[in-house]
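Protein chains in written order, with the working numbering: chain A, 1 to 287; chain B, 1 to 584; chain C, 1 to 181; chain D, 1 to 377.
Calculated from the structure, these hints are not laboratory results. Bear in mind the structure is a predicted one, so any value in this text is a computation, not a measurement. Heads up, the beta-carbon is just placed ideally off N, CA and C, and yes, glycines get one too. Be a bit skeptical, because a hint or two may be false.
No farther apart than 27 Å at their CA atoms in a straight line, the calculated lysine-lysine pairs in the DSS-like style are these [stated by the list, open to error]:
#1 A:Lys190 <-> A:Lys151
#2 B:Lys504 <-> D:Lys361
#3 D:Lys329 <-> D:Lys266
#4 D:Lys291 <-> D:Lys266
#5 A:Lys190 <-> C:Lys93
#6 C:Lys148 <-> A:Lys59
#7 D:Lys299 <-> D:Lys361
#8 D:Lys329 <-> D:Lys356
#9 D:Lys266 <-> D:Lys361
#10 D:Lys356 <-> D:Lys273
#11 D:Lys149 <-> D:Lys263
#12 B:Lys526 <-> D:Lys299
#13 A:Lys253 <-> C:Lys180
#14 A:Lys101 <-> C:Lys148
#15 C:Lys148 <-> B:Lys526
#16 A:Lys151 <-> A:Lys173
#17 D:Lys266 <-> D:Lys299
#18 C:Lys93 <-> A:Lys46
#19 A:Lys59 <-> C:Lys93
Quick partial rundown of chain D residues pointing at chain B, CB under 7 Å, derived from the structure [unchecked claim]:
#20 Lys2
#21 Ala20
#22 Phe22
#23 Gly90
#24 Gly126
#25 Pro148
#26 Asp239
#27 Val268
#28 Tyr372
Some residues of chain C that are not near chain A, with every Cβ distance over 10 Å (derived) [as the list claims (entries may be wrong)]:
#29 Gln42
#30 Thr45
#31 Arg94
#32 Phe123
#33 Ala125
#34 Pro179
Okay, here's what each chain looks like letter by letter:
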Amino acid sequence: MRRPLLICAVLCLAACSIAGVAQDLRVPASVTAGEEATIPTTGSGKATFYLVGPGVSRKNDVSLGEEIHLQGQDLRNAGDYLALVCSDTCHTGTFYVIAAKPSSLTFLVHPSRVPVGQGDAISGVAFPFDQFKNLVLAPATVTFQLAVGDKPLFSRPVRAQNGVAWFRTASGKSAGLVQVIASLDDVTAKRAVQQVASEPCNLRITGQRIPIGVLVQTEPVHDCAGNVVPDGTIVTFSATEANGKSTVDAPIKQGIARAQMEASGTTVVSAASGVVMGNELRIGGKP
Amino acid sequence: MSTTTQSYSRPIPILAIVLVALAVHGPLLLMQLPAGSFDANFHMFFASHYAHHWFNPWNEKWFGGFSQTTYPPLTHQWIALLSTVAGLKMGYMLVQLIAVLLLPVGVFRFARIWVDDRAASYAALGSVFLGALAFLVYQAGQLATVSSAALYLNALPYFYEWMTEARARSLIKGVAISLAAAAAHHVTLIFGVVLFAGPVLWVAYLDARDERVSGSVGGVLSRAAVFAVLVGAGVGLVLLPYWLAIIQHPIHQIPIPHDSRANFLLNSTTAINYFVIPYGALILALPFILIRGASSRRLRPLLMGFWVTMIFGLGGTTPVPKWLLGRAYEILTFERFTFWATLLAMPIVGILAIQLLDRFRSKAAVALSLAAVGTVGAALWWLTANPYRSTGMAATNVDPVVAFLNRDGHDAYRYITLGFGSELAKVSTYTSAGSVDGDYNSARLLPEMTHYGSAQLTNAKFYGSAGMASLRAMLQHANRYGLKYIFVHDTYYEPLLTFVGWRKIETFGTGEITAWSKDDVPPAHKIESDAVPAPWQGLLWGILPIGVSFLAIFLELLLPEQRRVPTAAGIPVRAEPSEQHYVA
Amino acid sequence: MNPVPGSAIAHLRRALRVVSVSAFISCLALSSYAADSVVQVQLDTKNATPRAVESLTERGILRDYRFAWTSIAQAVELNTADPLEGPFAGEAKRLLRETVVSQQRSGLSRQYVNQSHRLEAVFYAPEGDVIELHDTAEYEIRISDGGKIIHDEHVVMHFVVLMTPGADRWVIRQLQAVPKS
Amino acid sequence: MKFTLPIILVVATAALMVLALFGAGQAHGTVGIAAGSAVYTPKASTPEQALKNLLVDVQRRNWDRAMTAVSKTSDTNKQMFIQDWTGTNGSLRSFSSLEGFESRPLHITNDEAQMRVRLHWTTPVGPLEDVRDFRLVREGDVWKTVLPKVQLPSVPSQVIPVTYLRWDLVSGGAADEWGSKNVDAPHVRIISMNAVDSAEGAVVMGEVVNEDTVPAFVNVNATLVDGAGSAIDDETSFDKIDHVLLPKQVSPYRIDFPNINLKNVKNVRMDVKATLVPASADPVIGVMNQKIESDVQGKSVLHGDLLNQSGQTVNISHVVVSFYDNNAKVVWVADGYEDHALLPQSSAPFAVEIPKSVASKVQNFHVVVNQYSLGRS
C-alpha cells in the first residue's frame, strides 16, 4: 500500500506545483528570538496570513502588497516557523528563530552532600538559556569555580558544546560548605555542596557505673581526616552482662554520643556507628 | 350526607395523590436531603461517568478500572442526561423525584388488581408516607430500587390485563415497562417475578377459575408464559453486557457483613433501623393485614406475597433468607425487601383506611393523617438520630482533597481515602485521579479487595480484622498499583500508615483531613483486565436501556389506557359473593 | 503571485488544484489502512559523553521519545493538552501547551504523519540526570484551518532535545528545532 | 381461614425467629457481634458462662453490666477495669477492639476455676492475640470473675530537657526552576541480604544502613526473577523495617513472598529507595535486658524492656529484630507491636517469637524500635 501512496503523492505534488499552490514567500533567513520581522507581499486585495511555529498559531487578514509585521511577542520561541499567505492560492515560506544571548544558566550540581577526600565526587553541568528560555547553542565559554567562603579552590573555563558545558572534580579535605559557581559573561549561577566528615575513625568509648546502671559515652567522634562527625549521627551502644543485653541508639550531640543503660553485674559495653565498630569496655558490677 | 362524608366515600383523584407526593417529597428533594444518603454519591459517580463517556462503560476511577455494565444503567443515564442542564446533584434529585411520583401511581394501579378504586386511592396516598420509602430515599439513597419498584408496579396491571383480557396493547406496554424496570434495577425484577408477579398470576388464575374474568385458566397461564418469555428475552438483550460480565466474573468474593443481615432481636438499633422505621405505623396495621388478607380468597395471594417478603426483610432474624438464597444471601442486602413488603401491604391498608373512614369519619381521617405524617416524620428524624449513621464526614468539606488530586500532576497516581464513608464517591466524581478503592462491592476484582470479607477500604476498620487485613494487603502492593496518596479522616489509621511507610504531607481545613504519601511509588499504569467490555457492548449499553425507557414513555403516550368504568366501590374488586357485605 | 481573475489560466490552475488536492486526499484515504501510525525512532548512543548510556536507559529513552512524539501528534491534531501530561516537563511542556492553546484560538490544527526520528545522544551527564539528543526527524506536516488543509509538506527537521529522568520515565524538557548545521 | 392462616403465619414467624436465635440460622460475622453465641445469659451457672458474659460485655463496652460479673473480692474498680481493657495514653490498646475470644479451663473445682483465654484484638496495625488467665469463684449459685489489681503506669512530675536534634526540610514549590533544587536523596545502602524459604513462602531479609549525614525515609523492595529473567513477584519491606533512619542508623528489613518457593527463583533484584525527610532524634528508646528464653510451650522468645529515655509519651512502639547466626549472617527478622504506651522515663516489656526452624542457629540479635506518637507523624 505504500507504493500507491508514494505515486499518488508524487503526482499530486507535481500537479500542485503546476497549479502554483505553494509558491514561496520572501521570509527572513533567520530571526533572533524576541526580535521583530517583516514579510513583504505582492499583489492586491485581501488575504489570510498564517504563522505556525513553536507556541504560535496565528491567523489574521492582511492586505496584499503591504508588509506583514511580525511582533517580537510572536517570535520568542526558538525553532522553525512557517508563514503562509492565502488568497486564491497559498504562498509559503519557512524560517528559523534562533536563541538570543544567554541570560541564565541552568546549573546541575551533584552531589549536594559529599564525604571529604573522594575523587571525581563533585560534578556540574551548565546549560545557557536566553531570556525566553531557549537553549543557546552558539559557542560560549562557561567558567566553573569552587570556593569556600571567599577563598577560591578551583577554577576551570569550559567551552560549551551543543549548548552544554560540564566539569568534574574531587571533594576537598575539610568538612564545610563549598560554593560551586558557573559563569558565562555576566550570567552567574551558584550552588552549594556540603562536604561532610567521612566514616567515624577510631571510635572510642568511656564509661562508668551509676546507681541505675552504666553511663557510657564516646570520645569526640571524628573521621580519619579529623573532621567532626555531624551531630545527629547514631552511635549504637550495646551492654552485655550475664542477665542479657541492652542497646541504645544514641545520637551524637556536640561531637559526643552518650547513653545510660540498665546493668547490674559486670558489663561489657561496645559501640558502633553504621558499619564502623568501636572499642569494647568492661565495667565491673555493683559493689 | 355531608360534604365531608361524600369526599371520604369517593376515590381520591390520582392527580391529587401525585400532587401530595410532590408536596411532601418535592421540597425535601429540592433541599437535596438525599445528597447525604449512603448511596447518593455512588449513583452520581456512575452518572458522572455516563455524562462523560456514554458509550464506554469501563470506568478507571475505581478499583483500578471496573465495568459499569455490572450495574443496570437506566437511572444513572437519566441523571447524566439531566445533569447537562441541571447539574449532577439536581439531576439525581429530579430522577429521584420522578420515581417518587411514579410510585403512588404504580401503587394505585397495582392495588386496583385487588381492591376497588377507592381503597386503591388510599393505598396510593399511603404509599407517599411510607417509612420504608423515606428510609430508602433519604437514608439509604437506593434510587434504583425505588425507581425500579415504581416502574414494576406500573407494569404489573398490564400483566394482569394481558393474562385475563388478552389485550395486545397491555402486553406491549407491560413488557416495555418491565424492561425499563429491569434496566433500572435487575434485583427488583428478579425478586419481583416471585414476590409481586407471583401473587398477580395467582389472583389471575383464581379470577379465571371462578370466572370473574373473561379469560380461561389455560389462557391465563399460557399468556403468563408468553409475557414471561418476552420479558425474559427482552431483559436478556437489554442487559446483555450485564449478563456477560456476571458470567465472566461471578461474584466469588468473601461475604461482606451488612447490618440488614443481622438478627434484629439481638440489636435494638438494627431493629429500629430496619423494622420500626420502615414499617412505622404499619406495625399497628399488621393484625388487620393478616386477618383481612386471610379472610378473602382474592387477597390471600397478596397476603402470602407480603408475608414472604416481610420474612426476607427481617434479614438474619429468621433463617429463611439464608435457606432459600444460599450464597446470594451474603451478597444481598435486605432493607429493600421491607420496602417491597410495605408496598404489597398497601392494598389491604387501603381497605383498612376506608373502613376506618366509613366508621369514624373525621376522627379516622385525623388519626390516619397523624399516623402517615408520624411515619414519614420518624424516618426523617431517624436520619439524625441513627447512631450508626455518621454525619461527621458529611459535614466535612472534601473539596481540598479534590483540588489536591487535580493539581501538580497528582492524578498520575492512584489514591484511597480512609474514614470518608460514602464521600469517597463524591471525591471520585470530581477528581481526575483513579482509586483502587470504590463504593461498589460487586465490581471489585482486585484480590486485595475480594479475599478478606470486607467492603470499602475507606471503611476498613468497621470490618474488624478482615477490613484491616484487606487494607494492609492493598498498602503492601501500593507500588504495583501506583497508590501514592492516602487521605485520612480518622486518626485510627495513622499508626498503620506510619509503620508501613507513608508520610503525612499536607493537612486540609482545620485538620480533619490529612494527606499522606509514599515516596517510592511509581505513577499508576493501566491495570490490564479481561473485564473490559467490548466496544459493541458499550454501544448496546448506551442505547438499549435508555431506549426501552423512551419506548415505555412513548407507548404510554401513544396507546392511552381505555378509561375503566368505575366499579361500585366494591371491596375487593371482582369480589366473591361472600364479600358482598363489604360493598358500601 | 495572484492569478488574474477570469483568465483561462486561472481557471485551469484552480481546476488542477481541486483535482490534485482531491486526488491526494483520496489516495491518502485509500492508503490509510497501511499508513504506519507508529513513530519510528532509532537511537545511536556511541558518541555520548562523558557517561556511557546504559542499555536500560537506552531502551527507556527510545520508548519514551517515541511516546512523546505520538503525544505531540495527538495534541496538535486534536487540539487538546491532555496527551502532553506525562511525557513532557518544564519548557517543552509549556511551549506545547501554548501551541495547543494558540491553535484552539486560531482554529488551526497540525498533523504529523509518517514520523521517523534518528536520534543521536551527544551528551549524558556524569550523574545521569540529563541527556542531550540530536534528532533528525522526517515527517509530513499538514496544517488545517477549520478542517481544510492549507499546507502539506514533507520535511526533514533537526531538533536539539534535553531529556531528564522522571518518576518512572524519561521526560522531554527542551525540544528545539534548529537549522541544519 | 380468617383466623387460621394469620395464626399459622404468626406462629411460623415466631418459630423461625426462635430457630434463628438458637439454631442453624445464626447470623455470623456481623460487625459488633462476638464470634460464637452472642446471647447473654443473666445468671452464669458455670465458670465458662461467667467469663463469656464478662468478655461479651467488654466487647460491647457495656461496663456497668460487666462489673456485675466481677467478684467483689477483686482488687479493682470500674475506672481501672475500663482503662485495663480500653488502654490509656493513646496506646495501641486504645485503638483496638476485642473481636473474639476462646477460653479453656485450666483448673476447675466446685467453688473456684482457673481459665485461660486467647483474646483476638483487631488493631490498626493488624490482628493481635493476647493470652490471659482468669480466676473465677462461685458466689452463691453464680460464678464471678476475680480481677487482679491493675498496675497503671504513672510518672512523677518532672522537667526533662529536650536537647536532641531535629532536621527540618524546606522544599520549594512545584514551579521551581529546573536544576535549582540542589538536595540529593540520602545515601542508603543494603549491607546484608539473605533469602530463605519459610513455611509461608520465600523470605528476603537483611539490614540496611543510612550512610548519609541526614535522616532518610527508607523502603526496601525486592523482585524475584526466574531463570528466563522474568519477574515472578515483587514485594516491599512494608512494616518489617524502621522506615526513618537517622544518620548511620541500621535497620533490619524483611520482605515476604507468600506461596513462592525459592527453587523457582534464579535471582533477587534489590532496590532501596530513600527520601530526605524532616525527622527528630528524639525520643530515644533504649532496649534493655534483652534475652532469649524458652516459654512454657517451648518456643524461643526474645524478651526485653523498652525504656523511653525522653520526655514525651510514645503511644505505640514497634520492635524489629534481626537475628544472626555465628557467621553474623541475618537468619531471621521478626517484629512485634507493644500495646501499652511508653510514658516518659518509663519502661514496658516486649517479646518477639523466634521460629523453631531458626531458633537453634541464633547466636546474636539486633533490636531497633520504631515509634508512633500522636500528632507527630
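We went through each hint and held it up to the structure:
Note on Lys190 of chain A and Lys151 of chain A: the hinted pairing holds, with a Cα-Cα distance of about 15 Å set against a maximum of 27 Å. With a CA separation close to 40 Å, the supplied pair Lys504 of chain B and Lys361 of chain D exceeds the 27 Å bound. Proposed proximity of Lys329 of chain D and Lys266 of chain D is supported: the alpha carbons are some 21 Å apart, at most 27 Å. Distance check on the hinted pair: Lys291 of chain D and Lys266 of chain D sit about 37 Å apart at the alpha-carbon level, beyond 27 Å; violated.
Proposed proximity of Lys190 of chain A and Lys93 of chain C is supported: the alpha carbons are some 26 Å apart, at most 27 Å. For the proposed pair Lys148 of chain C and Lys59 of chain A, the alpha carbon gap of about 14 Å is at most 27 Å, so the pair holds. Note on Lys299 of chain D and Lys361 of chain D: the hinted pairing holds, with a Cα-Cα distance of about 14 Å set against a maximum of 27 Å. A distance of roughly 17 Å separates the Cα atoms of Lys329 of chain D and Lys356 of chain D; the hinted pair therefore holds under the 27 Å criterion.
With a CA separation close to 25 Å, the supplied pair Lys266 of chain D and Lys361 of chain D stays within the 27 Å bound. Proximity of Lys356 of chain D to Lys273 of chain D is assessed by CA-CA distance (about 32 Å); at most 27 Å being required, the pair is judged violated. With a CA separation close to 53 Å, the supplied pair Lys149 of chain D and Lys263 of chain D exceeds the 27 Å bound. With a CA separation close to 46 Å, the supplied pair Lys526 of chain B and Lys299 of chain D exceeds the 27 Å bound.
For a cut-off of 27 Å, the pair hint linking Lys253 of chain A to Lys180 of chain C is broken: about 61 Å separates their Cα positions. Distance hint between Lys101 of chain A and Lys148 of chain C is unfulfilled; the C-alpha atoms sit about 39 Å from each other, more than 27 Å. Taking the CA atoms of Lys148 of chain C and Lys526 of chain B, the gap is about 36 Å. The hint is violated against a cut of 27 Å. Taking the CA atoms of Lys151 of chain A and Lys173 of chain A, the gap is about 14 Å. The hint holds against a cut of 27 Å.
For the hint linking Lys266 of chain D to Lys299 of chain D, the alpha-carbon distance of about 33 Å lies beyond 27 Å, and the restraint is violated. Distance hint between Lys93 of chain C and Lys46 of chain A is unfulfilled; the C-alpha atoms sit about 36 Å from each other, more than 27 Å. Distance restraint check for Lys59 of chain A and Lys93 of chain C: the Cα-Cα separation of roughly 23 Å lies within the 27 Å cut-off, and the hinted pair is therefore satisfied. Interface restraint check for Lys2 of chain D: the shortest CB-CB distance to chain B comes to about 4 Å, inside 7 Å, so the restraint holds.
A cut of 7 Å between beta carbons decides the hint on Ala20 of chain D: the least distance to chain B is about 5 Å, and the hint holds. Interface restraint check: Phe22 of chain D against chain B, minimum CB-CB distance 11 Å, threshold 7 Å, status violated. Hint on Gly90 of chain D is violated. Least Cβ distance to chain B is approximately 9 Å, over the 7 Å limit. For Gly126 of chain D, the shortest C-beta to C-beta distance to chain B is roughly 6 Å, which falls under 7 Å, so the interface hint holds.
The criterion of a C-beta within 7 Å of any C-beta in chain B is not met by Pro148 of chain D, whose closest approach is roughly 28 Å, and the hint is violated. Taking 7 Å as the C-beta contact cut-off toward chain B, the hint placing Asp239 of chain D at the interface holds, the least distance being around 5 Å. Residue-level restraint check for Val268 of chain D is violated (minimum Cβ-Cβ distance to chain B is 16 Å; threshold 7 Å). Of the supplied interface hints, the one on Tyr372 of chain D holds, with its beta-carbon coming within about 5 Å of a beta-carbon of chain B, less than 7 Å.
Here Gln42 of chain C stays apart from chain A, with its beta-carbon at least about 19 Å from theirs, past the 10 Å limit. The Cβ of Thr45 of chain C sits about 15 Å from the closest Cβ of chain A, beyond the 10 Å cut-off, so the non-interface label holds. Against chain A, the non-interface label of Arg94 of chain C is violated: not every CB pair exceeds 10 Å, the least being about 8 Å. A beta-carbon of chain A comes within 10 Å of the beta-carbon of Phe123 of chain C; the shortest separation is about 5 Å.
Under the 10 Å C-beta cut-off, the non-interface status given to Ala125 of chain C relative to chain A is violated; the minimum distance is some 5 Å. Listed as outside the interface, Pro179 of chain C is inconsistent with that label: its C-beta sits roughly 5 Å from the nearest C-beta of chain A, within the 10 Å cut-off.
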